[in-house]
Amino acid sequence: MAKSDVKLLGAWSSPFVMRARIALNIKSVDYEYQEENWLVSKSELLLKSNPIHKKVPVLIHADNPMCESLIIVQYIDEVWSSGPSILPSDPYDRATARFWSAYIDDKWFPSMIAFFWGQEEDAKKAAIAQMEEGLVLLEEAFGKCSKGKAFFGGDRIGFLDIAFGCFLGSLRVTEKAGGIELLSETKTPSLSKWAERFSSDIAVKELISDTDKLAEFGKKLQAKMTANN
Amino acid sequence: MAEEVKLFGMWGSPFSRRIEIALKLKGVSYEYIEEDLQNKSPLLLKYNPVHKKVPVLLHNGKPIAESIVILEYIEETWKTNPIWPADPYERAIARFWAKFFDDKCGLAAWNACWAEEKEKEKAMEEASECLKTLEGELKDKKFFGGDKVGMVDIVAIFIAFWLRVLQEVVGADLLTPEKFPALFKWSEELVGCPIIKENLPPRDRLIILFRARLESSK
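Respectively, the protein sequence lines represent chains A and B. Residue numbering for the first sequence follows this note's numbering, starting at 244 and increasing by one per position. Residue numbering for the second sequence follows this note's numbering, starting at 825 and increasing by one per position.
In short, the hints are calculated from the structure, not lab data. No false leads were mixed into what you were given.
Dumping the calculated SDA-like pairs for lysine to any residue here, alpha-carbon to alpha-carbon at most 25 Å:
| hint | chain 1 | residue 1 | chain 2 | residue 2 |
| --- | --- | --- | --- | --- |
| 1 | B | 923 | A | 334 |
| 2 | A | 297 | B | 947 |
| 3 | B | 864 | B | 1032 |
| 4 | B | 923 | A | 293 |
| 5 | B | 877 | A | 375 |
The structure displayed is predicted, hence computed values, not measured ones.
Construct the entire structure; sequences and hints are all you get.
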């Protein structure tokens, strides 16, 4: 596939963009990457390709734009079908992967956001408690999905690994900021080991951001939003 | 092996009805179990411990929760009458609209109808923006799925049926033929479709439900 056929609009700090990049890596797709400095300004192409949400990631394939990270990942899986599969082959396993990915996006990640933006101690504590609860569920889900293998997807990284693994960087920033351990060998032994395997996977490791760099970006984001309000 | 399909649902829930419509469109036989949401059954809590909600589909003893996840599963398991587009790009677009609807539109429309006086204007504006976006996507198509009812139509059916009943009860004029002609026409077409109309909640029963909620909120 010609390099210019596939373009990804992204941002280095975004876990959602990371999902798309991991998927493209798994399938060994040659693509053009355009970094959006979205805190400063959004490119014409981004605003044109995603007029409703104006967010990254946006995948443009043969001039067809699409957005929403998990939708992009599914598209990549379906189009580059000769590469390793991202979604499981069994429909029930697929449903399980989709269910937990939806849980992560709709319930778990919002509690991380609540912690990030929380002003009062109580709100921050409640957010942490929710995250911890979620991690207990995900630890259990890992046991069921992995069936004794290395990843949620089995022997190789799959849909749910990507959906959850992209947040490991933000998780570490949260742990540092809150002075807490969320992923640990005692509380979440399987997830702890999985996190290491995921982060060192060949499709993932070049995309991992330095925790301090991420934390600094987070502070910039907080400062900007506070200035705007 | 005899197939066993069960659906835990609630007669008035648009999420539950989505699944019934999809199963009926594909000619899948299933056993329906009505849940009293004020008194959820032990089975429901067992099959959906994370969210404790309907709908839950049980296929040969295995539970699936979350309506969009269920709809994807139904499409992949029963291949007659596809409701998702075949082309991957069109499917990505359909998934986008289904997500947009669930994340923004449905809730915005619901909230606009129930909003208190002081928040009413803002809520109505937000809901109108969503409907405007949907109107733009529909353009001159008969359905979001094109000539045939598809996934997005099934997901957005809340607007076509529930919203129209609700706005009458609370006295809101969100979806009107003047404001959103394409969407209004779509709503008439959709609820008029043979399999769809047989699988919507009885209008008068829904009115009673909404009226009761309106009374209790006063």
